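**Student:** Listed below are the residues making up each chain.
There are 2 protein chains.
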Amino acid sequence: MNQATKPVRQAQKYPYFEEETSADVVNARMGPDISPRLREIMTAVVKHLHNAVKEIEPSHDEWLAAIKFLTDTGHMCTEWRQEFILLSDVLGVSMLVDSINHRRPSGATENTILGPFYVPDAPRYEHGANVCLDGKGEPMLVQGRVLDTSGKPIDGALLDVWQTNEDGFYDVQQKGVQPDFNLRGVFTSGPGGSYWFRSVKPRFYPIPDDGPVGKMLEAIGRHPNRAAHIHFIVTAPGYDPVITHIFEPSCRYLSEDAVFGVKETLIAEFEHVDDAAAIEKAGFDKPFWRVNWDFTLAPKSPGTKSDAPII
Amino acid sequence: MNQATKPVRQAQKYPYFEEETSADVVNARMGPDISPRLREIMTAVVKHLHNAVKEIEPSHDEWLAAIKFLTDTGHMCTEWRQEFILLSDVLGVSMLVDSINHRRPSGATENTILGPFYVPDAPRYEHGANVCLDGKGEPMLVQGRVLDTSGKPIDGALLDVWQTNEDGFYDVQQKGVQPDFNLRGVFTSGPGGSYWFRSVKPRFYPIPDDGPVGKMLEAIGRHPNRAAHIHFIVTAPGYDPVITHIFEPSCRYLSEDAVFGVKETLIAEFEHVDDAAAIEKAGFDKPFWRVNWDFTLAPKSPGTKSDAPII
Numbered sequence: 001m002n003q004a005t006k007p008v009r010q011a012q013k014y015p016y017f018e019e020e021t022s023a024d025v026v027n028a029r030m031g032p033d034i035s036p037r038l039r040e041i042m043t044a045v046v047k048h049l050h051n052a053v054k055e056i057e058p059s060h061d062e063w064l065a066a067i068k069f070l071t072d073t074g075h076m077c078t079e080w081r082q083e084f085i086l087l088s089d090v091l092g093v094s095m096l097v098d099s100i101n102h103r104r105p106s107g108a109t110e111n112t113i114l115g116p117f118y119v120p121d122a123p124r125y126e127h128g129a130n131v132c133l134d135g136k137g138e139p140m141l142v143q144g145r146v147l148d149t150s151g152k153p154i155d156g157a158l159l160d161v162w163q164t165n166e167d168g169f170y171d172v173q174q175k176g177v178q179p180d181f182n183l184r185g186v187f188t189s190g191p192g193g194s195y196w197f198r199s200v201k202p203r204f205y206p207i208p209d210d211g212p213v214g215k216m217l218e219a220i221g222r223h224p225n226r227a228a229h230i231h232f233i234v235t236a237p238g239y240d241p242v243i244t245h246i247f248e249p250s251c252r253y254l255s256e257d258a259v260f261g262v263k264e265t266l267i268a269e270f271e272h273v274d275d276a277a278a279i280e281k282a283g284f285d286k287p288f289w290r291v292n293w294d295f296t297l298a299p300k301s302p303g304t305k306s307d308a309p310i311i
Numbered sequence: 001m002n003q004a005t006k007p008v009r010q011a012q013k014y015p016y017f018e019e020e021t022s023a024d025v026v027n028a029r030m031g032p033d034i035s036p037r038l039r040e041i042m043t044a045v046v047k048h049l050h051n052a053v054k055e056i057e058p059s060h061d062e063w064l065a066a067i068k069f070l071t072d073t074g075h076m077c078t079e080w081r082q083e084f085i086l087l088s089d090v091l092g093v094s095m096l097v098d099s100i101n102h103r104r105p106s107g108a109t110e111n112t113i114l115g116p117f118y119v120p121d122a123p124r125y126e127h128g129a130n131v132c133l134d135g136k137g138e139p140m141l142v143q144g145r146v147l148d149t150s151g152k153p154i155d156g157a158l159l160d161v162w163q164t165n166e167d168g169f170y171d172v173q174q175k176g177v178q179p180d181f182n183l184r185g186v187f188t189s190g191p192g193g194s195y196w197f198r199s200v201k202p203r204f205y206p207i208p209d210d211g212p213v214g215k216m217l218e219a220i221g222r223h224p225n226r227a228a229h230i231h232f233i234v235t236a237p238g239y240d241p242v243i244t245h246i247f248e249p250s251c252r253y254l255s256e257d258a259v260f261g262v263k264e265t266l267i268a269e270f271e272h273v274d275d276a277a278a279i280e281k282a283g284f285d286k287p288f289w290r291v292n293w294d295f296t297l298a299p300k301s302p303g304t305k306s307d308a309p310i311i
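Those sequence lines, one after another, are chains W and F.
Reminder that position 139 of the first sequence reads as 139 in full-length UniProt numbering, one-by-one numbering, no gaps.
Reminder that position 239 of the second sequence reads as 239 in full-length UniProt numbering, one-by-one numbering, no gaps.
Honestly, the hints are just simulated from the structure, not real lab data.
Quick caveat: nothing in here was measured; it's all calculated off a predicted structure.
All residues carry an ideal CB built from backbone N, CA and C; glycine is no exception.
Incorrect hints may appear among the rest.
Heads up, incomplete: computed chain W residues facing chain F, CB under 8 Å, no partners named [as the list claims (entries may be wrong)]: (1) Lys6; (2) Tyr14; (3) Ala52; (4) Pro58; (5) Gly192; (6) Ser194; (7) Trp196; (8) Cys251; (9) Glu271; (10) Ile279.
Label-pair restraints from in silico Cβ distances [claimed, not checked]: (11) W:Gly238 with F:Ala4: 20 to 26 Å; (12) W:Lys152 with F:Ala4: 25 to 31 Å; (13) W:Glu280 with F:Gln12: 46 to 52 Å; (14) F:Pro7 with W:Arg37: 45 to 51 Å; (15) F:Asp61 with W:Asp167: 31 to 37 Å; (16) F:Pro241 with W:Asp167: 34 to 40 Å; (17) F:Tyr118 with W:Asp167: 50 to 56 Å.
Chain W on its own, in the form it takes in the complex (with noise of 0.2 Å):
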């Protein structure tokens, strides 16, 4: 009679883990039946998580320090605020997720990101109305045109507009200081494709800086401040819509920029003009800021990746 006896091993179905191959271990074990755009996108995520892992050797309590900034990032969200995509803002996601979306023909009007700050429905306008409802600010006169990248001008464009005031504040981070929809409108492009409107000079102002994202920036010595621009999304017919920003020169935040958002084909002239008559003919009554500005806009392209859910 045997004293004992060992049970069978388990045969082995997947390797064990080894530092060496770690990442190679962990994408091993996907299932042979799920979709093959999450198995691509994880097996990206778990290679490029272990190559940082390795390359930064975090000790224990580093990466329990990680762990907390997420957490405390997750807590932070609410439906008013996502300081997730606060995170992939300030790091630079946003604009490389939007850049790599928005590969367009040489000579296009470049995109840039959307922020938090839209609001459809604005007022629709005709030629040269003022968004700007409280008469606060240095006015500017926007002026310019809607072309295909032929140079062909594009009539009947939607050129949906948004900016902070003078102060930096979007009427809906001031509702009851700022009057609804102010410095918000939309516009029709006329004929040879020209659109203009008045308004105010805008400024600069901070991201929400409050939360872990704002923490992180003051760790890294970053400040969380925008470049001052003024905000569009121009779509057409035919064309593919761009949502982008064009940003005031001057600003002293222009090269650094909490988001990214800034590119140099973005960057406009804003012109001051003091002289009686162009005053009078803006319908202004003090010098003001003029801004010239075209939008080149892109055959519609088709779509090129699934935005089906992925979990």
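With chain W's structure known, arrange chain F on it following the hints.
**Tutor:** This is chain F only, laid out in the frame that chain W set:
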């Protein structure tokens, strides 16, 4: 009199965003006076994050799905549930960090992760005590020695032991069902480094899978189960503490532990003993499992990495 003057464009301090150089653009922004270790960490995080995004080329909706996943994971975290640690565990990151921080001389017992079920201040027992307080399960005897890497026995080492019951639950998961400190105990190695105690055979169990991490595992075709194991922390003055498991070799999840805790060197032999004399000698009243396991401790190594808080 000039009609218009153009203010000077702000001097460019930092490069503008471009897809090709995106990680460098982001990293160039860090201030000059920050912690060198934090600079090193953030530089690597941004570089590998951008590499991942460039390989994946996420659509806008895929990016948003990632934001939502991280947000949901954050919202799942409470005082009692750490979903980001679970995420780190199932992606093999916890094991990788553990491995990096516990590169031991060849022959020393390998580390594995602590897990969430350790409870300090378990009862101290004499050799041979049975840590199973409710008499449930298949009896198991664990015995062996604590040695150093030269083979010298270590007397007076502390062995802190914890494990699941036969249903795959820890006492802390079944308060009121299992007795407090069921299947937990602290033993001290005796002359010759020897130890022995009695318990019951552990069972596999699922990590908590009712949150976003569980949903992710399902989507990538993975189960949430940990291979059956016994936890140990073994400490002795002058030696590196070891946090480890020993694994039951016939467990169906042996090579597919959900958190990658299994290492080849940590798989024990479980002998089934049905000899009447051996049963009586072990103090059992039925056949039992016998596990022989020696621990090998490495001399204390100087700390290699700073554990100072990062942010």
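**Student:** Are the hints correct? Go through all of them and say.
**Tutor:** Hints, verified against the model:
Residue-level restraint check for Lys6 of chain W holds (minimum Cβ-Cβ distance to chain F is 5 Å; threshold 8 Å). A least Cβ separation of about 5 Å between Tyr14 of chain W and chain F falls short of the 8 Å threshold, and the interface hint therefore holds. Contact between Ala52 of chain W and chain F, as hinted, is supported at the beta carbon level, the nearest pair being about 4 Å apart and thus within 8 Å. Interface hint status for Pro58 of chain W: upheld, as the beta-carbon distance to the closest one in chain F is roughly 6 Å, under 8 Å.
Interface restraint check: Gly192 of chain W against chain F, minimum CB-CB distance 23 Å, threshold 8 Å, status violated. Hint on Ser194 of chain W is violated. Least Cβ distance to chain F is approximately 20 Å, over the 8 Å limit. The criterion of a C-beta within 8 Å of any C-beta in chain F is not met by Trp196 of chain W, whose closest approach is roughly 16 Å, and the hint is violated. Because the smallest distance between the Cβ of Cys251 of chain W and any Cβ of chain F comes to about 6 Å, under 8 Å, the interface hint for this residue holds.
The criterion of a C-beta within 8 Å of any C-beta in chain F is met by Glu271 of chain W, whose closest approach is roughly 4 Å, and the hint holds. Using the Cβ-Cβ criterion of 8 Å, the hint placing Ile279 of chain W at the interface with chain F is not satisfied: the shortest such distance is roughly 10 Å. Checked against the given bound of 20 to 26 Å, the beta carbons of Gly238 of chain W and Ala4 of chain F, roughly 36 Å apart, lie outside it. Hint check: Lys152 of chain W to Ala4 of chain F, Cβ distance near 29 Å, so the stated range 25 to 31 Å holds.
Judged by the Cβ atoms, the range 46 to 52 Å given for Glu280 of chain W and Gln12 of chain F is violated: they are separated by roughly 37 Å. Checked against the hint of 45 to 51 Å, the C-beta distance between Pro7 of chain F and Arg37 of chain W comes to roughly 49 Å, which is consistent with it. One distance hint, 31 to 37 Å for the beta-carbon pair Asp61 of chain F and Asp167 of chain W, holds here, with the actual separation near 35 Å. Checking the proposed 34 to 40 Å range against Pro241 of chain F and Asp167 of chain W shows it is violated: the Cβ atoms sit about 58 Å from each other.
Taking 50 to 56 Å as the suggested C-beta distance range, the pair Tyr118 of chain F and Asp167 of chain W conforms, at roughly 54 Å.
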